[in-house]
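**Q** Protein chains in written order, with the working numbering: chain A, 1239 to 1902; chain B, 1239 to 1902.
Any given hint might turn out to be false.
Because identical chains share one entry, a pair is satisfied inside a single copy or across any pair of copies.
Pairs of lysine to any residue, SDA-like flavour, derived with a Cα cap of 25 Å [to be verified]:
id : residue 1 : residue 2
1  : 1316      : 1695
2  : 1561      : 1435
3  : 1308      : 1521
4  : 1789      : 1606
5  : 1536      : 1775
6  : 1658      : 1310
7  : 1461      : 1585
8  : 1583      : 1284
9  : 1455      : 1407
10 : 1461      : 1560
11 : 1576      : 1539
No wet-lab data here; the hints were simulated from the structure.
Protein chains: 2
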Amino acid sequence: MSSRIGSVVIESVRPELGAGRFAVKRIAGESCTVEADLFKEGHDVLVAVVRWRQISPAGQETEWAEVPMKSLGNDLWKAEFPLARNGRYQYTVEAWPELFATWASELKRKVDAGRDVRSELLEGAALLEGAAERARPSSAGHAQTLSDAAKKLKQPASPELIVVALSPDLAVLAGRYADRSLATQYARVLEVFADRERATHSAWYEFFPRSAVRDGKTHGTFKDAEAWLPYIQSLGFDTLYLPPIHPIGRTARKGKNNSLRAEPDDVGSPWAIGAAEGGHKAVNPALGTLEDFRHFCKAAEQHGAEVALDLAFQCSPDHPYVKEHPEWFLRRPDGTIKTAENPPKRYEDIVNFDWMGPGRETLWPELESVVLHWVQQGVRIFRVDNPHTKPLQFWEWLIRRVQDKHPEVLFLSEAFTRPKVMKALAKIGFTQSYTYFTWRNFKQELQEYLEEITHPPVSDYFRGNLWPNTPDILPEMLQRSGPGGFRLRVALAATLSSSYGIYSGYELCEARALPGKEEYLDSEKYQLVAWDLERPGHIRDWIRKLNTARKQHRALQLYDNLRFYRSDNEHVVFYGKRSPDGASQVLVAVSLDPHSPQEALLHVPLKELGIQPDETYQVHELMTDERRLWQGPTTQVRLTPDQPAALWAVYRFRRSEQAFDYYE
Amino acid sequence: MSSRIGSVVIESVRPELGAGRFAVKRIAGESCTVEADLFKEGHDVLVAVVRWRQISPAGQETEWAEVPMKSLGNDLWKAEFPLARNGRYQYTVEAWPELFATWASELKRKVDAGRDVRSELLEGAALLEGAAERARPSSAGHAQTLSDAAKKLKQPASPELIVVALSPDLAVLAGRYADRSLATQYARVLEVFADRERATHSAWYEFFPRSAVRDGKTHGTFKDAEAWLPYIQSLGFDTLYLPPIHPIGRTARKGKNNSLRAEPDDVGSPWAIGAAEGGHKAVNPALGTLEDFRHFCKAAEQHGAEVALDLAFQCSPDHPYVKEHPEWFLRRPDGTIKTAENPPKRYEDIVNFDWMGPGRETLWPELESVVLHWVQQGVRIFRVDNPHTKPLQFWEWLIRRVQDKHPEVLFLSEAFTRPKVMKALAKIGFTQSYTYFTWRNFKQELQEYLEEITHPPVSDYFRGNLWPNTPDILPEMLQRSGPGGFRLRVALAATLSSSYGIYSGYELCEARALPGKEEYLDSEKYQLVAWDLERPGHIRDWIRKLNTARKQHRALQLYDNLRFYRSDNEHVVFYGKRSPDGASQVLVAVSLDPHSPQEALLHVPLKELGIQPDETYQVHELMTDERRLWQGPTTQVRLTPDQPAALWAVYRFRRSEQAFDYYE
């Protein structure tokens, strides 16, 4: 006959993603808040703990630890545990009835009602004896205290005995040795991945080092690109993302403007990876050597930025893999290799891997070794090209493998595809994701989309990195907006999300497109470009101010704290961000009209800001460096194409004479 | 080296309750609609099926069957499978790429673009050969057709060959023998329980057969109670719920009005179960014999009603179990048995089982045998007393055991406790549940609560049975409302949910309470009551009309179809119900004011009713039997304490001269 078993019910532990199938994302240094619904039949006093441990990287593994949960009423319990270090953690919930505390609480009510409690005291004694027995192996002292108390309770009832029985210290000690065989464990062990800070807070600048000479003729090298670093630093970016730096195929190389015929001096698309000089682990000799690349990374670091590499898992037909590992590619019955295509489109300069065929058993580890190779060179951030065209299983496997060893490695998913697929990529492990922000221009659609991606459940796993342009996309909006559009779009990107990026040329308001397309004219994907960084009409200063605001104001560095507020003008969005401690509060108004001035009445969320209706507070507008006093729940703003955004840091006056040393 | 594997992703299969831990509830005869998010990298044509089977009762088990899912766009897929019979079903989702269809779709685009497709045709031939091989074991004919087509595709390309390759019949046949080794199965097998109709649509009448003589002195028998049946039938109820019918303990028997001292002729509380005459399987001799009970059940059936028994798993100290199975009860160290208590309250006439102690291994099966005993007598509905004071594991085990053999058995959870516990009881298997309706009197609170419990996710597992009174609760509201309150509360109960019930005396507007409590004065729980069914001021006719409306209008028989609409008066609620086919539509307005007339402007949901803004339609008010023509989106209603509710069946005029036989 089996002994007594527990009957606590534990439900709805959260955060929980896909029934525990995926890890939620948090930032190292924060804590992870866990909630659960807990109950049991009857009236027992319950105790619950969150059990947690770090499980990666291997060297940092910890033993299971426990933090007590607090009851918040309505059967809701809560606790937090620390994510002190970067890596993967597990957590679950366990709960049990605290029998001695239950007994004591009932005893008190019976005593208060004047009942005879002789029999009850004997019950209490038995409970204490059980606790003493469980205490014995670890603490003889505690065991003694408990069994002494048990002995007392067996004496004839007296008021002193009741005092002993109801002593809070005794309850605490008995609780420490509660009968955990009655505990219930939550059905699943859940995971949270604690990324380093850069995972959620990053300002990306994408550029082609081969254009670093900026004459449109001379192939730039990493050395030339180093000369570009002070410029990028002056703009204030912290992440430098380079398109693929590997040897570029010759076969079917694309010419300028994606033409099917390349001239002999055409440089080709960097995404057509692999040539006689090597594949994904090699550096294009025209850019320099591996040594040069490492030097560039260090130089970037000295200029306040981290280098991010492109991970484009596809091959030019000249890639060494093609000959060395025919089993990694799909072939047709006539023996020809299949090039990439989405009929009627063909990508003759690219062949795809056969991801799920039998060759995967060596292919996947080889691709992992590619990532680890660049990690060894010092790269910790990868922007992954078109991940949605490769199996999700592969990414889940790869990211887990890499982060198990190097939890500091971040992966940005460049997936512009259907919403559920983009979310699925984030769930299986991508640190950040491209978004539809690129095409969200108007108030309603912007608010709805940003609300969705910056709030749970989506923000538990998806971190949107907002790009107003990329080498692949010069949005329709920017083609016709003039500099006003460039200013407002980058202001939105830099303040709506804690991560955003631009592709170089944006700061110069480059807007020449292929007619009827969102492709750049004379796209840098296929040729060297002569960027004139001093070109009239540039918005370098505007971008620098945005990045400075982001660096100085904690509220702008957080992802899931975006709240939209009311503005009475359909072309003006008004929103705010706040750090959890309230020390940093920024309000933002952006005009969505690149052509004309717009005025709006803004409804300041005084309550959320902790400001009284009649209180005077200070705002510091960060783009103009103007300070003002505000009072009351509304304010009027005028935004123009030259100055389409206002960022107000909000400060309360907290000090008064009472805080002055000599007061009194 | 392992062969090719699949990479379809299947997410968010719904309905799914607690990550598949619990079954959702549906009604036999309906179908179960299943949705899932499905996708795969790249552009393959996908096929998905819902796999399903019936798993209980044992005799009805079926093999796994498959229904194809339809893509609804945005990666959402949907299918339904039939719940033809009462019982438990399993379902899951499986999906795979249809390679031949993918190939054909790409071929078409290439042909349209004028590309040379020689190599492609060979690929198609290989796919067909694969299909032929898979077809062979089950259909030599299909195998032949497929391999003939494969042979054709190997001939030199020609327009005729393209026609063969793109033949829809060929694609269908190839799809039938698709390579299912590339299929992905959803991670979990889910369950749905298909109850019989009464589970969701029931009108309960609770009465004490011992009061059937109605003189307050003579103990009624089942035979006497049979004489009450025509009366109950005239009221229109379909479920007759009897408080426990078992022998009642003598020890610590409660006297009138819950007094601690019973007089010798006091009948005691029927919930103090068990005496020398027997326990939970016995009939109180004062009521008659088991044979009399069976006769009563049959008589009830002839009067259109099914008998529901009370399942109160607790014992009087005189219960035979107490002596025969001391291991089923908790004892104190001094050997005394623990009686039920929630200090300072004591229930001296009741002892509780030790649910989770070692005795459970024989206790639980014994209690199952109690249920099966009554099932053998013909009882199919149980109202379970205070389930929240017993472990949820037990109920889950019991209901599953009983319904595995007898899926027609229904369990109503009498839990008035915290919201999460009430929901948890529904999740683990209770068919219906008592609700907070009993205390929701005003517009906002009524709407919010009913919205919550009649919509998913709650309505997937929780079916609220609305009781305006019970033997335990004479709500404050009814104590002071006069007959107007009784009319309006029963009208709400009967129309807001498809299941409701009253405790007898309600129709007589019995409102005498213990001062300051919600307990009836001279409660029938402790004594015989002399009900005068002809008492002035009764509302029998009002209730009869409500039950008639419920019987005649399908919309009122469904649970999850409640929608609230706008009424401009804070004391008038306005709502509607509609059958899925739209054939039955009922609008309801109820005044929440038992004292004064109330007028309200009601906003008729023309669009939901499928009525044009300028269309004239007919309403039939079911409480007054008045018919009117309405037009337009608003109507004015006047409700009075005598007539506090209006139920309009809505009919459109669909016929015109074109439908007349001789038209033209």
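**Q** My question is about residue 1789 and residue 1606: at a cut-off of 25 Å on alpha-carbon distance, are they close within one copy, between copies, both, or neither?
**A** neither (34 Å within a copy, 67 Å between copies)
**Q** Can you give me the call for residue 1583 and residue 1284, within, between, both or neither, at a CA distance of at most 25 Å?
**A** between (64 Å within a copy, 21 Å between copies)
**Q** Is it within, between, both or neither when you check residue 1658 against residue 1310 at 25 Å Cα-Cα?
**A** between (34 Å within a copy, 14 Å between copies)
**Q** At most 25 Å between CA atoms: does that hold for residue 1561 and residue 1435 within a copy, between copies, both, or neither?
**A** Neither, since 42 Å and 67 Å both go past 25 Å.
**Q** At most 25 Å between alpha carbons: which applies to residue 1308 and residue 1521, within, between, both or neither?
**A** Neither way: residue 1308 and residue 1521 sit 55 Å apart in one copy and 48 Å across, limit 25 Å.
**Q** With identical chains treated as interchangeable, where does the CA-CA distance between residue 1576 and residue 1539 reach 25 Å or less: within a copy, between copies, both, or neither?
**A** Intra 41 Å, inter 73 Å, cutoff 25 Å: neither.
**Q** With 25 Å as the alpha-carbon cut-off, assign the pair residue 1536 and residue 1775 to within, between, both or neither.
**A** neither (32 Å within a copy, 93 Å between copies)
**Q** Indicate which option fits the pair residue 1455, residue 1407 if close means a Cα-Cα distance not exceeding 25 Å: within, between, both or neither.
**A** Result: close neither inside a copy nor across copies, 82 Å intra and 57 Å inter.
**Q** 25 Å Cα cut-off: does residue 1461 pair with residue 1585 within a copy, between copies, both or neither?
**A** neither (32 Å within a copy, 88 Å between copies)
**Q** Between residue 1316 and residue 1695, at a C-alpha cutoff of 25 Å, which is it: within one copy, between copies, both, or neither?
**A** Both ways: residue 1316 and residue 1695 sit 18 Å apart in one copy and 23 Å across, limit 25 Å.
**Q** What label fits residue 1461 with residue 1560 when the C-alpha limit is 25 Å: within, between, both, or neither?
**A** This pair counts as neither: shortest intra-copy Cα distance 31 Å, inter-copy 91 Å.
Comparing the model with each numbered hint stated earlier shows that hints 2, 3, 4, 5, 7, 9, 10 and 11 do not hold.
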